[in-house]
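Asks: Line order of the protein sequences matches chains A and B. Note that our numbering has the first sequence beginning at 1, numbered continuously upward. Note that our numbering has the second sequence beginning at 306, numbered continuously upward.
In case anyone wonders, no lab produced these hints; they're calculated from the structure. Please note that a few of the clues may not be correct.
To be verified - Only pairs whose alpha carbons sit at most 30 angstroms apart, straight line, appear in this in silico DSS-like list of lysine-lysine: (1) Lys34(A) <-> Lys365(B); (2) Lys9(A) <-> Lys458(B); (3) Lys4(A) <-> Lys458(B); (4) Lys416(B) <-> Lys4(A); (5) Lys4(A) <-> Lys353(B); (6) Lys9(A) <-> Lys441(B); (7) Lys367(B) <-> Lys416(B); (8) Lys320(B) <-> Lys353(B); (9) Lys33(A) <-> Lys441(B); (10) Lys365(B) <-> Lys466(B).
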Amino acid sequence: METKQALEKWLNNEATPADMQVLNAWPEFDSYKKIDTHTKRMVLPEHDITSGIKALRDTPLFNKAQKQKRPKIVTMPMLLKIAAIFVLLAGSTVFVTTLPTNIQAPITSIQTIELPDSSKITLKENARISYKKYGWPFNREVTLEGEAYFEVAKGKTFTVRTPSGNVSVLGTSFNVKTENDILIVSCFEGLVSVNANGMNTLVTPGDSFSFAPMLVNNKIYTSKPSWIFNESSFVDIPLDAVLMEIEKHYKVTLTTKNIDVTLRYTGSFTHTNLDQALQTVTLPLNLSFSKDSKNEVQIYDPKKQ
Amino acid sequence: MEKQTNICQEQAFNKVYKAQAQSLRNFMFFKTKDTDASYDLVQEAFLKLWQNCAKVTPEKAKSYLFTTANNLFLNTVAHKKVQFKFTQGVKKSQDNNSPEFLLEEKEFGQKLQKALDSLTQLQRTAFLLSRVEGKKYREIAAIYNISEKAAGKRVLDALEKLRETIDNL
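Can you build the whole structure from these sequences, using the hints too?
Replies: Here it is, written out as structure tokens:
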């Protein structure tokens, strides 16, 4: 039993000197030693690491396993990143290009703005336009509410969208007035094409067309709309309509005394001076006016008094 | 963020191969007694490791390889009859290289060969792992997933059986 334990330790390279003494005294130990020495001379196959790895790499199964793993670990997140960049780029481009610029003139004064191609728009009080700054040279399109005077630089078709119709030009000066359902286009230079009520009308310089609610043709005699110079101008308009304009502008009350208010008036009045305005309207018609302290004005015919 | 070392990376896999291929080859050789068969089994075991690289940590790689190789061996059908080879013992003294001595050596080698054949596959492999590879009982126990004591007994039993067989030849 003692020898067996010693032998077991010896086989595990853990024999103590005492164990060796026991073993060496044991006659059969020589046989065991002989088996041991002889066994240790066994010829082992040498495993070549380099060629072994290479042989593994050449196995179809090996490459298959590798290919299956690669896309999972590396390529998928990369694809997602690229996709995300494209989505962001596309999204922001759409956002920027569709974002319109909105401009509204102050209630009390006119405002002139210059477009990217040096076209000019003069907005009348409280008029509002919106247009797309991005890609302007390729898409000259303005949406208008109110009244504005356009001086368009030469280039692609310039379009003004209004609720009552569209006005297109190539390069010209024109005035567009919209108010409720009214659309009045006056051409000062070049040629203006108006598409309203399903009809296409060409407006030549010196013409002023009222398209809605009904088609009316008027002549203009100024080089620019009169409101640009702080004036109101009239061509063959009944006197009472002119007087109503003065009331509106100066916030005064006008009364008439033994006057024919159906008299036709052609001319203009200034917006800056009430006395001057009254004079320019009354003098050509041989009328007079009197003013009291309460902003009440009376217009009369001096001959009939 | 640092990536955890994974055998799926080529470098890590090659490192495992370098460290384990030879000892795995010996293990398979003790079982099969066949140079070519043992080579195939080793390569197959590493292929399995590569295919399952995501599930096996570098620490577990060794035991995975030995278990896999052992299973692969059990799946193979019995091979052609092959025998171990031993080198000639080199002795310092001239006397020991005498014809008598060489003859005796050769005879003993043949006897040992037969004795090894008479051992069960488990006994033989355990014994050779211990003697040729110089593995401790603890390491053998780990390979077979048995206790250290059982491993020691397996080696000792093999040695005693070898001696008995050789004496009776």
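Asks: So which of the earlier hints does this model not fit?
Replies: 1, 5, 7 and 10
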